[in-house]
Amino acid sequence: MKTISILFNVFVIGALLLITSCGQSGSNGKSALSSNMAEKVYIAPGERDAQYAFLSGGYSGNLTVYGLPSGRMFKEIPVFSQFPTSGYGYSEETKPMLNTSFGFVPWDDLHHPDISQTNGELDGRWIFANGNNTPRIARISLSTFETEEIIEVPNSAGNHSSSFITENTEYVVAGTRFSVPVPQRDMPISEYKSNFKGALTFISVEPEHGHMDIKFQLLMPGFNYDLSHPGRDKSHGWFFFSTYNTEEANTLLEVNASQNDKDFIAAVNWKMIEAYVNNGGGKKMPARYAHNVYDESTHTATSTMKTEVLTVDPSEVPGAVYLLPTPKSPHGCDVDPTGQYIIGSGKLSADLTVHSFDKMLAAIEAKKFDGDAYGIPILNYQDVLAGTVSSGGLGPLHTEFDGRGNAYTTFFISSEVVKWKLGTWEVIDRKPTYYSVGHLMIPGGNSRKPHGKYLVAMNKITKDRYLPTGPEMEHSAQIYDITGEKMELLYDFPTHGEPHYAAGCDAELLVNNSRKIYRLDENNHPYAIKSPAEARVERTGNEVHIYMSTIRSHFTPDNIEGIKVGDKVYFHITNHEQDFDVPHGFSMIGQGTSEILIMPGQTKTSLWEPKRVGVWPFYCTDFCSALHQEMQGYVRVSPADSNLELSWSLDD
Amino acid sequence: MKKASILMIIGSMMLLGLFIFPMWNIRLGAPQYPDPLGIDIHVNGLKGESEFDIQNIDGLNHYIGMKTLPKPEEMWEFSVFPKVVLAMAALGVLIGVLGYLGKIRPIWFFIWFLLMGTLGALGIYDFNLWLVAYGTDLDPNAILKLVNPDGTPMQYNPPLIGHKKLLNFDAFSYPRMGGILLGIGMMLTAVAYFIGKKSQSKNNSRAMKNPGIALMIFLVSLFVTSCHSGPEPIHYGEDACDFCRMTIVDKQHAAQVVTEKGRVYKYDAIECMLNDLKDWDRPAIKYHLVADYQNPGQLTDALKASYLITDKIPSPMGAYLTAFATTQSRAKIHDSVGGQTLEWPLLQNKFEISN
Chain G
5 MKTISILFNV FVIGALLLIT SCGQSGSNGK SALSSNMAEK VYIAPGERDA
55 QYAFLSGGYS GNLTVYGLPS GRMFKEIPVF SQFPTSGYGY SEETKPMLNT
105 SFGFVPWDDL HHPDISQTNG ELDGRWIFAN GNNTPRIARI SLSTFETEEI
155 IEVPNSAGNH SSSFITENTE YVVAGTRFSV PVPQRDMPIS EYKSNFKGAL
205 TFISVEPEHG HMDIKFQLLM PGFNYDLSHP GRDKSHGWFF FSTYNTEEAN
255 TLLEVNASQN DKDFIAAVNW KMIEAYVNNG GGKKMPARYA HNVYDESTHT
305 ATSTMKTEVL TVDPSEVPGA VYLLPTPKSP HGCDVDPTGQ YIIGSGKLSA
355 DLTVHSFDKM LAAIEAKKFD GDAYGIPILN YQDVLAGTVS SGGLGPLHTE
405 FDGRGNAYTT FFISSEVVKW KLGTWEVIDR KPTYYSVGHL MIPGGNSRKP
455 HGKYLVAMNK ITKDRYLPTG PEMEHSAQIY DITGEKMELL YDFPTHGEPH
505 YAAGCDAELL VNNSRKIYRL DENNHPYAIK SPAEARVERT GNEVHIYMST
555 IRSHFTPDNI EGIKVGDKVY FHITNHEQDF DVPHGFSMIG QGTSEILIMP
605 GQTKTSLWEP KRVGVWPFYC TDFCSALHQE MQGYVRVSPA DSNLELSWSL
655 DD
Chain D
7 MKKASILMII GSMMLLGLFI FPMWNIRLGA PQYPDPLGID IHVNGLKGES
57 EFDIQNIDGL NHYIGMKTLP KPEEMWEFSV FPKVVLAMAA LGVLIGVLGY
107 LGKIRPIWFF IWFLLMGTLG ALGIYDFNLW LVAYGTDLDP NAILKLVNPD
157 GTPMQYNPPL IGHKKLLNFD AFSYPRMGGI LLGIGMMLTA VAYFIGKKSQ
207 SKNNSRAMKN PGIALMIFLV SLFVTSCHSG PEPIHYGEDA CDFCRMTIVD
257 KQHAAQVVTE KGRVYKYDAI ECMLNDLKDW DRPAIKYHLV ADYQNPGQLT
307 DALKASYLIT DKIPSPMGAY LTAFATTQSR AKIHDSVGGQ TLEWPLLQNK
357 FEISN
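So the protein sequences, as listed, match chains G and D.
Its first residue numbered 5, the first sequence is counted upward by one per residue in my numbering.
Its first residue numbered 7, the second sequence is counted upward by one per residue in my numbering.
Since the hints were derived computationally from the structure, they do not count as laboratory data.
Keep in mind that the hints are not guaranteed to be accurate.
Claimed, not checked - Have a look at the derived ranges for each label pair, beta carbon to beta carbon:
#1 D:36 <-> G:654: 35 to 41 Å
#2 G:302 <-> D:265: 55 to 61 Å
#3 G:215 <-> D:74: 38 to 44 Å
#4 D:142 <-> G:654: 25 to 31 Å
#5 G:302 <-> D:239: 43 to 49 Å
Claimed, not checked - Cut-off 16 Å, straight-line C-alpha distance, at most; resulting in silico cross-link-like pairs (EDC-like, lysine to aspartate or glutamate):
#6 G:520 <-> D:57
#7 G:423 <-> G:492
#8 G:44 <-> G:485
#9 G:520 <-> G:585
#10 G:423 <-> G:406
#11 G:520 <-> D:41
Glycine included, each C-beta is placed from N, C-alpha and C at the ideal position.
Next up, chain G with everything else stripped away, as it sits in the complex:
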């Protein structure tokens, strides 16, 4: 809840607003009775939702998949966190996914999912998400709904103005919230000013497989780069980052970073920098960052440590970066579907500042600068301003669009969503949220073509919205119907972790590409077996490899002898099913790891280091068939000095 402390001094105003908004919610309740809200969110048994919503899990480190308008959760996709449900981060194949330059980091803070685009429209191939804590960007397949790739971002800290993608998925962009010494070194914190740098990282996405690679890092002045969005359509080729702490304070930021009346939105002409580095510009710098790739055909991830990154000093590329003064420590930085308007939400303000892309270009053309910061030209506020939305709310954070010329902005302090008109800046409607809304999401809202039917508000405070569950509660989200002139609150639903941003799309974009099984004949896992006849146990020193298969409802083999205390036993299990939704699980008594869940046609490996002599059972953890209870086996563990030969069998 990064904004809470900053906003504490305006709490009293917020409380006053809450009191006045009580009257509003009363009248709202009345209109609810006369409408058919229940029908609008009711999905009858067996029917399916119209849209997908991918909500970030925040400190859960994972991504959750929901249906709209029902608010039903379909899946939790493990991304940055170990996940016992599937064995992600526990199985030998997926452990490398969580490798970093700091070693194995089994957790992160997942913030801003964004779906891949072609020509500024969602194409439904991948969804990207950022790890905020140990800077990382993940790519998740939208055909398997599994994490396929994670790249660490060096020279970054608090990877927050991430992971937003350009309109042809050329780049996924990751900006640092905390500036740090670049390269990292032992130095006094008080020498922050002018010594720390803020890295804005442009990660190229290979068009066919989506593989990520850091193209360049722009080393900006030591501000805090809070949020960002790509230009689109006419402003395609630019990227916009909101900043705060242009004071470059290094302590008590809630006061010291709130002194300047205006901070900046940094406008970055990435096409110009791309051309610059393509022509040999930039400086290679030693760095250490992990690049982890999961291969669907081997069902295995590999982690490589990279040692170099290309950095660009903005002052060396004149004309590539400009600073747009924006009042009151802007947070959200959103671009409308036409690419003309850049909306800065001064989070300590009541008003929204809207910059004009055309006016920005004109000002640059006319060279009307108001000084510079570390060599980066600052434009005149009045020269780039398109308009101001006098919202009447307090604490604006984020804005999304419906594709019909309207914008919707969340207000954290006054707990509401405000609908306003692009161009005229007039407020059309406002509806309370419950409570203290952070992000909002309209499916496709971050593209040229939003699918403006529903709006999901993700709230930071739950309080009394559900049955109480002790001090800790899941966060709450709300769905609004935005097809009419006025927004209509339809439904509350609890979410998992702390959803920051979310991404959504029409169901048709994904349903037909969703995989049902993995093909066994395309399984290239080195320890896969294609037939139970290949099942075997092999020993090399104290390493034992068990090649095992499963089919309803038995393991092959299911009796194994000749294992010794002190062995490292690898169960390589291939699920021979080729039928939709028939996984098998595996778990071993006393095993210091999680179970694994193996999808049809897949191979996964579970490591067991037996510590005690005995005969130890294992079993299938997924109720796979009527004979699931029979799906079990035994491993005999002999003393370390035993001479018992390896043997294995099934029904001999």
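Assemble the complex: chain G is given as a structure, and chain D must be docked to it using the hints.
Frame of chain G, contents of chain D only:
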């Protein structure tokens, strides 16, 4: 005759559709298989309707000890049938061409039709033998050994044509494009015969006998008799009521209706049947049957039965409604327990049903 010969050629060429399209299809649907598993029967082998259907059907069948579905090399039919089809198509075309050239009389069209009909009937007979063998030749060590109420092992052969319930699966068996083309093609050759015969009789003004009609009748009757359309025994303790879904156990209160199309609906109580008839939008009903209280397990014509409503004899779904085959047997019980006696028309009124 030329027109007839062209029909003959087209008709026999349609057999070749069997090499492109499946001849027959068996589909298995169950609650947990909303997308049913399907087997397409081609003239030269079995194919899953979706890629892994055969493997998945075999996987399920291992529970009840059925053999795996045969590979083409495991059944002689899959190598012989294509040759027969090819030979018959070639023969038909040859006959048609000869007819066109005026070398032979239309009776040859009919001979071809007769031969093909015989071969087809043999093929269906052989197919049925395989279905029965497949569904009954079970592994004695099967995981699930299910028996009928009379102790005989349960059989799992899918129907030759139509629908059959196999445990939790609904099996549907119907011809596919290849089989349909075969049927149409054969019809065309029969038509070719008639047209050819007619034009010839015009030319020769010679009366003719018509063996073709007899054959048509024979074939049609073959299809009709293969459709079963009478009452079916109720498997007490197993069959579920088609109205309330509860298992049918009470042999003195069960009921059944059979539609004109031969579809059977079974009920655990007479009141369930009556309630089901209330909004009946299915095919018209041929038989209404109710259990005779005096002869447990015996069904009797519901329209002629005598009914008694008495709180001394509870019925499964709480209507206290019992049926008797005769008024005498009802009178005997009525004397001892009392209650209201009524006949079918009154019962119809009471349950507001019209059929």
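Hint check results:
no.	hint	verdict
1	D:36 <-> G:654: 35 to 41 Å	violated, 28 Å
2	G:302 <-> D:265: 55 to 61 Å	holds, 57 Å
3	G:215 <-> D:74: 38 to 44 Å	holds, 42 Å
4	D:142 <-> G:654: 25 to 31 Å	holds, 28 Å
5	G:302 <-> D:239: 43 to 49 Å	violated, 57 Å
6	G:520 <-> D:57	holds, 12 Å
7	G:423 <-> G:492	holds, 12 Å
8	G:44 <-> G:485	holds, 8 Å
9	G:520 <-> G:585	holds, 7 Å
10	G:423 <-> G:406	holds, 10 Å
11	G:520 <-> D:41	holds, 12 Å
The earlier numbered hints that this structure contradicts are 1 and 5.
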